[in-house]
Amino acid sequence: MDLFARTFAIYLFLLVLFRLTGKRTLSELSTFDFILLLIISEATQNALIGEDRSLTAAAVVILTLVLLDLGLSFVKKRSKTVETLTEGVPLVLVDHGRPIEEHLKKSHVTYGDILQSARQSQGLERMSQIKYAVLESSGGISVIPMDSP
Amino acid sequence: MPAPRYPGLEIDEKLSLQRREWRVQRVAWVFLYALLAAIAFGLVGGGPLSKADAGSGQAGLRMEYERFLRYQAPNTLRLTLQSEAPTLELRLDSAYVQDVELRTISPRPQRVVAHDGFLSFEFLAQSGANIPVSIELHPEQIGPAAGWVAVGDKPKVHFRQFVYP
Chain A
1394 MDLFARTFAI YLFLLVLFRL TGKRTLSELS TFDFILLLII SEATQNALIG
1444 EDRSLTAAAV VILTLVLLDL GLSFVKKRSK TVETLTEGVP LVLVDHGRPI
1494 EEHLKKSHVT YGDILQSARQ SQGLERMSQI KYAVLESSGG ISVIPMDSP
Chain B
2 MPAPRYPGLE IDEKLSLQRR EWRVQRVAWV FLYALLAAIA FGLVGGGPLS
52 KADAGSGQAG LRMEYERFLR YQAPNTLRLT LQSEAPTLEL RLDSAYVQDV
102 ELRTISPRPQ RVVAHDGFLS FEFLAQSGAN IPVSIELHPE QIGPAAGWVA
152 VGDKPKVHFR QFVYP
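Those protein sequences? They're chains A and B, same order as listed.
Residue numbering for the first sequence follows this note's numbering, beginning at 1394 and increasing consecutively.
Residue numbering for the second sequence follows this note's numbering, beginning at 2 and increasing consecutively.
Be a bit skeptical, because a hint or two may be false.
[As the list claims (entries may be wrong)] Mimicking EDC-like on lysine to aspartate or glutamate, the simulated pairs with C-alpha atoms at most 16 Å apart in a straight line are:
id : chain 1 : residue 1 : chain 2 : residue 2
1  : B       : Lys15     : A       : Glu1444
2  : B       : Lys15     : A       : Glu1476
3  : A       : Lys1524   : A       : Asp1488
4  : A       : Lys1524   : B       : Glu11
5  : A       : Lys1499   : B       : Glu90
6  : B       : Lys155    : B       : Glu90
7  : A       : Lys1473   : B       : Asp154
Worth flagging that the hints you see were computed from the coordinates, not collected in a lab.
Chain B extracted, bound-state conformation (with noise of 0.2 Å):
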C-alpha cells in the first residue's frame, strides 16, 4: 500500500480518476457550446439553418417555412399564392395536417372542402393578384413530418420538416 500522500488524512481523492473527470469535462464543453451556437443559428428552429423556401412560379405559389420545429411550439406556413380566377384553390395534404394540428388560416378561406388525401381551401380573390396565405401549426407528433401544398391542379410542391420533443 502506497505512503498516505496526506498524513493524518482519511479521504477518498482519486487523482486518476480526477484526471479523467476533468479531461471529460473540456471535451463536454467544446461540445455543449459548439450545440449552443448551432442552435443559436436554427438547429432546432428559428434561424438560417431553420428557414426555407419552396415553390416555383410553375406551381404559382411560394412557401417560407421552417425545417425544423418543436413539439407543442406554433409554428406558421407563409405562403404567396397566384391567383387567376375570382376563387382560388389552396390543397393541402391530409396526411400532414394529421401529424402538425391546424390552427388558423389566414385570411378565413370561404370554403373548406375534405377530398381523399387532401383538404381543399377556397378563397375568394382578386385575379392577378398575388394572394398572402398563413397558416398556423400547432406539431403533436414528434419526428419527421412531411407534406405537400398545391394550387389547384397544378404541381404540388413537397416539403420536409422534423418536429424535436
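Chain A extracted, bound-state conformation (with noise of 0.2 Å):
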C-alpha cells in the first residue's frame, strides 16, 4: 500500500509541477533539460525505491505508473474539461507573417523559437513566409507556410 501511495504521490506531484511551471518545459530537449530529465528521474527513483531492492517493489512501482498513465489516458478522452486541465489548449503564435506579441510574451515564446521551428520543419527563411504559427499543447511550435491552400 505505501509503495503504492508514495508512487501515485510521485506521479501526481510531477504531473502538477509541469504543468504549473508552463508547456515549454520538456518540449525539445536542449542540453540543460536533459540534464534535468536525468536528475529528476534519479530524484523520482530514489523515493520510489529507497532501500527496497526486492523485484516486487520495483514491478509494482512499473506496474502502478503505468495504469496510472492509461487511467489518465482513458479519463482524457472522455472528459474534455480533463482534457484541456491536464494538456492545455493550442495558442496561434503568427498570422500570416505578423506575430501576436501578447501570445508570444505571455507564453515565453521568442522570435528566434519560431524561426527555428520554421527552418526545422518547413525549411522556411523568413516571418513574413509563416502563415500560421501555433504552439501546441505538447509544447511544440508547428508552423503552416504561406502558400499552403
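Starting from the two chains in their separate frames, assemble the complex, guided by the hints.
Below you can see the structure in the form of C-alpha cells.
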C-alpha cells in the first residue's frame, strides 16, 4: 500500500508541477533539459524504491505508473474538461507573417524559437513566409507555410 | 457562431481558458518560489527553521535537535550531559524509539537496560565533565513524533518533531 501511495503521489506531483511551470518545459530537449530530466529521474527513483531492492517493489512501481497513465489517458478521452485541464489548449503565435505579441510574451516564446521551428519543419527563411505558427499543447511549435491552400 | 479568428485554420484555441491558465500559473510560481525559500530555511529540515535546542542546567542536559525530519533520512540528536558520578545514566522514551529507529549511540554505552516506558543507557564518565552524546536516528514513521530524554531521575526534557513522508 505504501509503495502504491508513494508512486501515486510522485506521479501527481510531477503532473501538477510540469503543468504549472508552463508548456515548453519538456518539449524540445536542450542539453540542460536533458540533464534536468536525468536528475529528476534519479530523485524520483530514490523516493520510490529507497532501500527496497526487491523485484516486487520495482514491479509495483512500474505497474502503478503504467496503469495511472493509462487511466489518465482514458479519462482525458472521455472528458474534454479533464483534457483541457491536463493538456491545455493550442495557441496561435503568428498570423500571416505577423507575430501576435501578447501571445508570445505570455507564453515565453521568442521570435528565434518560431523561426527555428519554421526552418526545421518547413525549411522556411523568414517570418513573412509563415501563414500560421501554433504553440501546441504538447509544447512544440507547428508551422504552416504561406503557400498552403 | 462568431466569425473564425483565423480563416482557414481549424483549431481548438480558447483564449479565455488560456488566459485563466496563465493567471493560475503566475500565482503558482509565486507560491512555489516562496515554498522553495521556506525549504531553504529549513522547512523540511536542515536550516534555521528546523534547528532547535532543549534542556536546562536543572535537567543536567542540553540537546540540539531538528524539528523537521524526513522519512528514512538519518538524523542525529546531539546531547551534552553533565556527569556527577563515575557512571552517567541517560534515559530515552521508548515510545519515541519505536517511531524513530535508533541506529547508533556514540560513545557506546556500557550497559543498556530496558525499563517500563524508557531505555536506560549507562556510560562510564569522568565526574564533573560535560559529556557529548550523539544518537543517530532513522525515522520509520511519518507524522508527528514526540519524545523525552533525561539524566537519571532528573527532570525530563521533552521535544517534538515532525517526519515528512
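Cross-check of the supplied hints:
{"no.": "1", "hint": "B:Lys15 with A:Glu1444", "verdict": "47 Å, violated"}
{"no.": "2", "hint": "B:Lys15 with A:Glu1476", "verdict": "13 Å, holds"}
{"no.": "3", "hint": "A:Lys1524 with A:Asp1488", "verdict": "6 Å, holds"}
{"no.": "4", "hint": "A:Lys1524 with B:Glu11", "verdict": "13 Å, holds"}
{"no.": "5", "hint": "A:Lys1499 with B:Glu90", "verdict": "65 Å, violated"}
{"no.": "6", "hint": "B:Lys155 with B:Glu90", "verdict": "10 Å, holds"}
{"no.": "7", "hint": "A:Lys1473 with B:Asp154", "verdict": "67 Å, violated"}
Violation of the numbered hints given earlier is confined to hints 1, 5 and 7; the remaining hints are satisfied by the structure.
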